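Chemist: These protein sequence lines are chains Y and S, in that order. Numbered by our numbering, the letters in the first sequence go through residues 7 to 549 in order. Numbered by our numbering, the letters in the second sequence go through residues 39 to 600 in order.
Please keep in mind that the hints were generated in silico from the structure rather than gathered at the bench. Note that this is a predicted model, so its numbers are computed, not measured. Wrong hints could be hidden among the right ones.
[As the list claims (entries may be wrong)] Result set (EDC-like, lysine to aspartate or glutamate): computed pairs, CA atoms no more than 16 Å apart in a straight line:
| no. | chain 1 | residue 1 | chain 2 | residue 2 |
| --- | --- | --- | --- | --- |
| 1 | S | Lys159 | Y | Asp546 |
| 2 | S | Lys235 | Y | Asp546 |
| 3 | Y | Lys534 | S | Glu179 |
| 4 | S | Lys477 | S | Asp331 |
[Said to hold, decoys possible] Covered stretches of chain S, as calculated for chain Y (at least 3 residues, CB under 8 Å):
| no. | stretch |
| --- | --- |
| 5 | 78-90 |
| 6 | 103-117 |
| 7 | 150-159 |
| 8 | 165-178 |
For glycine and all other residues, C-beta sits at the position ideal for the given N, C-alpha and C.
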Amino acid sequence: MKRIISLSLILAIYTCQILAQQNQSNVVLSALKDELKRSVTDLQLKNFEKPYFIEYRVQDVYTYRIDARFGALTVSSGGRSRRGSAQVRVGNYDFDNTNSFGGGFDFSSVESIMDAFESTQSTQVLPYEDDYDTIRQRFWLMTDSAYKSAVEQIASKRASMKNNPPDEVYPDLTKETPVTDISEAKKLEIDVPKWEKTIKNLSAVFKNYPDIVNSGVSMFVYSSDNLMLNNEGFLIKKPGNYWGLNIQADTLTDDGQTLGVSRFFYGKQLESINSEAELTKIVNEMADLLMKTRSAPKFTETYIGPVLLTENAAPTIFAGNFAPNLINRRGEGSRDLSDRINRRVLPSFLSITDNPQLEKIGNTELPGTYKFDSQGIEAKPLKLVENGILRNMLTSRTPTKFSKQSNGRSGGISNLIVENSVKKTFTELKAELINQCKLLNIPYGIMLKGTHSGVSIYKVYVDDGHEELVRSANIDGLNIQDFRQILAAGDDSFTINVPSRGDSNLSSVTAPSILMEEMVLRKDTLPKTRPFILTNPYFDKTK
Amino acid sequence: MKLSLPSYLTRGLCILIIFSIFLTTTFAETNFLISVLEEEQQRAMRMFKDKTDLPPYFMSYLVTDTQSWSVSASQGVLINSGGGKSRVLDTVLRVGDFKLDNTHNRAGFRNSRSLPLEDDKDAIKSVLWTTTDRIYKDAVESFSQNKTRQDTRAVEENLADDFSGTIAKKELTPSVSQKVDLKALEVRAKKISAIFKKYPQIFNSSVSFSASATNRYFVSTEGASLQHGKNLATISIQASTRAEDGMDLARYEIFNAATISGLPSDEELLKIAETVAKDVINLKNAPLAEPYDGPAILSGRASGVFFHEIFGHRIEGHRQKGSTEGNTFTKRVNQEVLPSFISVFDDPTIPKFSGEDLNGYYLFDEEGVPAQKASLVENGILKNFLMSRSPIQGFSTSNGHGRASAGLSPVSRQGNLFVQAKQTVSNKRLREMLIEEIKKQGKPFGLFLEDISGGFTSTQRAGTQSFQVNPIMVYRVYADGRPDELVRGVDLIGTPLTSFSKIIAADDKPEIFNGICGAESGWVPVSAISPAILVSQIETQKRAKSNRLLPILPPPTAQKAN
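The following block holds chain S by itself, in its conformation from the complex (with noise of 0.2 Å):
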């Protein structure tokens, strides 16, 4: 049984390709991999209307192309550096209606298989043929199970149908490359990494370059012919060490863009990668936090992560679904769940904000649905979810987030969400306030949480319906003007709704994080925009530790500098 979904943003700035963007139909001429894909999709159902009683009332290919480069080295030395192709078909078959159909409660099923690299017809169709014909035996056998399972069973509680239509688009836009020199890139990553070797205390770093250009097509039985591209590149910087009493510290910085062009400069790497040895530094000596009760300000960063994890994971449209499900606001539409001066919504079309690119920018979800914005709360009341195609009660239709890494079946994910303030204060206001509040609590500090590695967030009802999020820098800020001091170990923790409950104010300055968030529909690519928030009560946890000890003998390379 799986208790915890895990998601994990990490830093990034992104920006994401605005290549041509057609809104209609643009190309006359129709794509390889399309009409390859319609032949075969036409002559399999074709045939399972002449030979079958049983045959598909919906059936769509997705074929993910991706073409991918990775450069790593660790102290001025190579790790690896190399790249490759893939090219992933997902097939998505469907017997029975849109009422009851064959993937009734079997969330999670995957039906992918590779398929040749080339552009051969004969080869590809041979992947596609037995691909179908497997599927569709498979969804007959669901289907029929399922049947007598609902002839047999106790009225479910959510009467959801199993799918939605939605109106099929036929948009091809030119296919994305993109031009990676490697050993540009094996020179670049071996010249930042070697940084680190004047840190004798840090035991693991690393610099990585990644980069892929990948199109998607989409051919479905609706009548839908898609495609569309996404190129992206990212660079990451990490450093880990251990503390004298065993705990295992890391910090790290990535950032995405379109292309390597689009990727910070050397120089300003270097600096960051001075910045990430030094911090790792910084929190090797810096004291252990204790466990804590009271008011914090989050970054707009950090309250993105916190929003992603606690808020967008829950307003997921399937998990509003499953019985196994914790349902945290299923019940609750038209209610308050946030300060009336919140509104949330999740907006994939955005590609930019304020001059930055989006990671969480997309034309069509894996659904073939073109993004759309979904409005999820507005003044503190819960109007909507994020949907895919698999409808909940009350909301039938996807509004364009059914999203999946390739290889997995889709479900309902975040694309761009953006937290939004309808009363705010500069951040100056925004600390003075968070300096009484800790008067006012009678506490001797508060917290400043910077930055957020990620977290995880157990939305089942089987587990503790609590999150937990690990910032890495966090900062004491005392009520008597000493400076702020860097502590480690913290996690913060908590329930969703007393959480929300607890924000008081925030500040003028949305701040994005891009990042990769991990689900059971794969690795999406996500944005989270938020202005930074003063919460009146927030309670951390000292994080689990080792109890290794450091290592017993001195760095070599510091021996023999002495």
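The shape of chain Y in the complex, shown without the other chains (with noise of 0.2 Å):
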């Protein structure tokens, strides 16, 4: 008898861990929720209006960094932390205390900037372990805050509009359908060993090269969940994971020039990343390429003409001149595409579609897929630029002249594609490049060349196509309007991950090479560094 009662005993006290751990994960949500509830149901201050939108955030984080450098580690630290924000809206949908104009700070008395700081205090450092009284305390007191700044905003935007009435006026939130969506992923753990063993290695390989002055390489890896729900009753909660590998390094030229080369990997599984042999290898190329360039004669002219843009140096200038302009902004100074609705933005043969769905191209893994954006709207496909014509643009839950609903793209781009219709193959764009050249009456046509953050540039020589790397030269930026004398695209497709504004931190953008009508490269004018003196102590003999 006795033994049954220690072993119901034992059953029961495993029951109830079971529950507490089954709890632990929804402690979070219904203490936000409960406060949330509150909220919209109590928090008034007499004669101001009650909140119409109140959403809260918690954001749950690991990173962890390494880097090295000449072989050694110079840091390998990372955490776990947690961060809560609060936002509340008074108002309505067509007007609240948001998208105010001319706002900003007013720092013109010590009671100013305490308010302006306190107004700041609505998003906070949490606890990150789970505490339902805790979370409860954090956002009664970070909803309170939110709710008297937003109060005040909404006050001084009606007297501001009052004095300077703005000539056209758009609501302020789109009403969308509430969605509720609970995914989970695994976290990205990292093997701390392991890879401070790679990274150093990897760093190793600049020890060959005695004219590489400062060089390292870094990986980190972030691994987050990100919790929404707002009063509207959208309730998502998503992970968002990737890890990101840099490889830097740079030398000095002997007439003084700085050079460097640096390339960026981002992908959203461990498993994804080269192995230490492919990364090896690459690195040597780096190397190879930044020896390559130093003894490349300098670029000394300016030239005005047509450019080839292959492998990464394609999507780059997409991804950094066209995409940005994709995103739907409000306000007079937005320099985004949304007047040219309809209008032809690229060539015929060029269509652009975003595509959040996409997981892969071929076998590269499309590291900005997601299902909802930060404001919960489910994000879908988009046809953005269609046989140059562009139809549409990305929106988020802020409305503007063009958009009265958002398509999920608060984060901006996800998988960003270039389509081509016309394929040309590498060889004959080099000849349409040469053709054009001709056509110029100039010897030679630029060819540009990229990894990410850093293009090599070539002059491809009329008489026999030759091509001769060059260095030092400065491209100066494209206008939208460039984008439209494109003249021809290749076969090809590179993808390149670029960092975002949204949860999964990522997106991606994809495009063939092409041959831009024309771009201006002019000589480099940053001022020269001096030789060293003192030699590179790894390759003194004299010691």
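Take each chain as given, in its own frame, and dock them per the hints.
Modeler: Written out as structure tokens, the structure is:
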């Protein structure tokens, strides 16, 4: 009898533990729900309006970073953290305290500085362990502070609209159908000693290059859980996992020019990182390229003419100079493309799709894949440019002249793909480059061959087609109009990963090689560095 | 332009490590880092001599190697827990000569880099190489500018040299380390911080443990090679809330020791947390202080902070030099600056005072100079300044007060500041004297400043030359025998020289204030030791406050309880 009792006691304790564990994961959610409910019902300052919208976010983050230089560790650290934020809107969907113009903090008095500081307190570092009371207490104070700021903001927005009425008024928040979606993913966990060894080994490759002055290899993992809920009924929990690897080196030329190479790799799963052997090969290639560039002739003229962009140079130019203009923004200063809807922005053989559902192109994993954006809006593939004509824009819940509804792009692009209907081989593209040069009667054309953050510049000679690596040229920035002057595009496709503002933190851009009708390259005008007086100690045989 | 010199003292007990102090060279075997630094320094000097016509006349490397840990919790749950390593290289390279070099009137320049964490000779040397080469080229450029400027401008007011020589020491003490059990600290921080769950009116609270083991390695072309280390452990308990009228109120307690095991026990810490919580609640309910002008007693700890801020920072050598500095004491050497019964000295070589360890204790400063006692004020007469290797007129050598945190250029700073009174009275008598003074001046009450959180002082000429000290626990002392009354929102204000002339008595029980002081050369551990003092006149103002209302809704936990 005694035995049975003790057994059932153990069982009871065991069951309790399981229950406690299950509850644990819901502790944060139930604390947020309870505080949200109370705030919606009761939060109101006498003689002021109640909030119409309250949104809570909790982000759990684990990060780890490992850096090495010349074969030795310089950083190896990481940790867990949790942040929370509360957003409160007063007014209504058509007119609320946000999207104010001219705003900014008032630093005219101690009091206004303290108030300004206070209003930023609606985002906080939270304990990363789960505790119902603590979460509620923190969100109680954050909501209170955000509400009081909102009340002040809407008053000053009303006053400023009265004094200076805007020409056009748009609503402040789109109305959307609430979504509930909870998804979990395996956390990225890094085997620290293993990766320390790999990163050290990779950084030691540069010890074979006497002319490399500074170099380093750095890697990090970022693993997050993002919880969002609001009083409209949205409830989204989703993971955001990615890793990054950065390799960089620089050298000083004999004529005092600092040259660098760097390469960033990003991915979602640790399994997608290249093997150490492959990475070693990449590091060697980078160092070799840097040495080749170091001894390459200097670009001393001004070039205006056709340019062939190949490998990562093509998606890089779309990511940097085109994609940002596809994000629909509010405000008169906005330089987005919304005024050009149904107008030509690219040649007719090019189209652009943003596809958050696509997982892979060939064997290349696309990191910009997601289901809901950070505002909880479902994201579907969007045809942005069709046969050269702009058809759509990337929108969020902030309405604009163009947009009344979000298409789930509050974080910007997902996987942006430039598609080509008239495919040319690389040989054809190169021939076309030479042909263009002949028309202009210039002795060579330019080819940019790129890694993500740096491009190698080649002169392609008209007479025999030979390529010559040159160094130290500055490329003038491209305008959106320049993209209409793309003459031809390749049958190839290159994908780069770029950081984004969304919860997934990564997006991708895919594009074929392209031939631009005109770009401008100038000689580098950076001040020169004085040559080294001390010799590199590692290669110093005099000691 | 920098208008204020922030200085911040936080409370704590400190037990510094007395880890085999060897006064002469004890290690036959040379240390890894020292030998790498020496090798690379010698190689660089040889090349500068061979290849340039302006080789450095002085060079030093300082490596600060720190391993640190921290754990903090709020209301029984963890906010963070972790640790890390860092190794920071600070390089000093001077071209020209002691009289005029590249640093002339260029205070605060920094030449800091992080070094590989591992004892890898090649990797460390690759950083030393690029750093030294760049710093040398910058130094040559600065020097030539300084020389031109000197030739083309009026003679400066202060004709002191740019640098002073010192006797180079060779002293390698064993490295220090700490064993820290993060899991155990997590349990403790959670347990202690959970106390605050009982007080829903407290908006914010936390309990943090931190620990560090710091080893410093120094070599110079004068022949110095030094290794010395210091362990430090800290616990801080803080809580804050807001009064009905919008005033933010905070209270905290910080304790220091060499190691975690030297910190107060959980039992003591739980009691302290309770006191912190109750103090905050009492402050919330305390009446608001009105601006006041009259007699006051500063407890020994409060007086220590007062002297640190108002006197200590103005007696730092480099503050006598700059044309933007207020130079309060520059021309007052051998004049009376304090009442004649008071003497002040700073002595970093004293590890302990009445059984308690002092935060401001160290063996060598960050310029490789051995710590020394500096007798600043003798019987009220100003005699000396706190000196780094930056000379001032009449004071040409360092007295070992050139201090900095890793990555910043050293300037003269305090270590252990001692305030001594020749004539003292008992604490009871001091209080009687306060009451006599209140009556004499016809005031309704006097003030007792029990605890001070810190303050700031502006030593700059362009600033107001004033100071402000923020006492947390201030009581009204009534002459008619009513019990003392806690008030909130008191800021102590005034100008330095007049404040010191109002000291009329001191008690016979010096107290220790251990803390961390921040200024242009970073955060350095300091102590201030002083008796309680009676001042005939002190001026206070109302503390600035926000007009934010209390939260609209009651605390969720309180509501749940109802």
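Chemist: All hints, please: hold or fail.
Modeler: Structure-based check of each hint:
Restraint check: the Cα-Cα separation between lysine 159 of chain S and aspartate 546 of chain Y comes to about 14 Å, which is no more than 16 Å; the hinted pair holds. For a cut-off of 16 Å, the pair hint linking lysine 235 of chain S to aspartate 546 of chain Y is broken: about 64 Å separates their Cα positions. Between lysine 534 of chain Y and glutamate 179 of chain S the alpha-carbon distance is near 15 Å, which keeps this suggested pair within the 16 Å criterion. Proposed proximity of lysine 477 of chain S and aspartate 331 of chain S is supported: the alpha carbons are some 14 Å apart, at most 16 Å.
Remark: the stretch 78-90 of chain S is confirmed as covered by chain Y, as 7 of its residues place a Cβ nearer than 8 Å to a Cβ of that chain, reaching the required three. Three residues within the 8 Å Cβ limit are the bar, and the stretch 103-117 of chain S against chain Y gives 7, so the coverage statement holds. Here's how the stretch 150-159 of chain S fares: 6 of its residues keep a CB closer than 8 Å to some CB of chain Y, so the rule of at least three is met and the hint holds. With 8 residues having a beta carbon nearer than 8 Å to a beta carbon of chain Y, the stretch 165-178 of chain S meets the requirement of three or more and the stated coverage holds.
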